[in-house]
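Trainee: Sequence:
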Amino acid sequence: MKAILMTAIGSPDVLQVQTLPTPILEQDTQLLVRLKAAGVNPIDTKLRQRGTFYPDRMPAVLGCDGAGIVEAVGSAVQQFRVGDAVYFCNGGLGGHPGNYAEYAIVDQQFVAHKPKSISFAEAAAAPLVLITAWEALYDRGRLEAGQQVLIQAGAGGVGHVAIQLAKLAGATVCTTVSSPEKAEFVTQLGADQPILYKQVDPVDAVLHWTKGEGVDLAFDTVGGAVLSQSFAATSVYGDVVTLLAPNTNTDWKTARDRNLRVSFELMLTPMLKGLVKAQQEQAKILRQCARLIDQGQLTIHVGQTFSLDQAAAAHQCLESGSMMGKLVLLID
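Going by the working numbering, the letters in the sequence shown line up with residues 25 to 356, in that order.
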């Protein structure tokens, strides 16, 4: 099969097209999936730049997100049949091979049926961001109807899904964006108050929107100074959830003075720690989101697609910033 190998740590040029043996089923609960598309996520570019979680297993096939058609099933598989369309987040961290390839092996426990109403490209764009936004808002942030939420970078991959999930929970949403085009995009997704952070101070804008109180929940998808900004924009006793590790300049004093509950969201933890039950819960999230998508209540925006051979170009595009939605590799 054709696959993209990360041959070394470095620039996008280390992503090389190679021919590898087509994987075979090794356990009776596994599926062989003929991939139709693979999502491209910031974690992919970080692993390429810094090294994978399993440096002794180089070269590596990146790509956590996949969507495709089941081509073979193990003898104990009960939930899927050959020909089923599926989507999942599995592999791609340097250990189990990822989805920048024509085929992937994945256990049935970690797979969900693809939403019927969307393309394979949209399905491949969805798993990591769906699980991340769902866990951040509903599990870490304990979002409730009637609350006010700040979503940082609402036009991005995680952000554009988080807006929709927050609205589905009955929250009102403000979100930071960099341009009028993105402001229109997030408004179409349901955001109540886009904040053009290059034109106004985001904290001032949030406090004005909340009549000086701050939001009940701030979701930081950016990191760095944006985490401290999120503390300042959150109400006393509020929640802040971040996807990134805090830097040395983080304003913990404001977080403490406001008695904030600060949570971290890393949806890769179950995969990294081998937490099977947690991975099963993430597959359940994908099943729930598939229903929402097919009911027209949740959409996935694909900003741009590339062929599998163009994986390096996709990484360059993602690293350039200013994306709306997700990038996807299409696999013939």
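Hints listed in this document are in silico derivations from the structure and should not be mistaken for laboratory results.
Please note that a few of the clues may not be correct.
[Claimed, not checked] Heads up, simulated DSS-like pairs for lysine-lysine below, C-alpha to C-alpha not over 25 Å straight-line:
1) 277 to 235
2) 140 to 277
3) 297 to 277
4) 140 to 191
5) 191 to 26
6) 297 to 70
7) 297 to 308
8) 308 to 277
9) 70 to 26
[Claimed, not checked] Cβ pair distances, simulated, as ranges:
10) 194 to 273: 15 to 23 Å
11) 333 to 288: 33 to 41 Å
12) 119 to 316: 24 to 32 Å
13) 235 to 44: 16 to 24 Å
14) 166 to 33: 32 to 40 Å
Every residue gets a Cβ at the ideal spot worked out from N, C-alpha and C, and that includes glycine.
Trainee: Which constraints among the numbered hints does this structure fail? Numbers only, ascending.
Mentor: 2, 3, 5, 8, 10, 13
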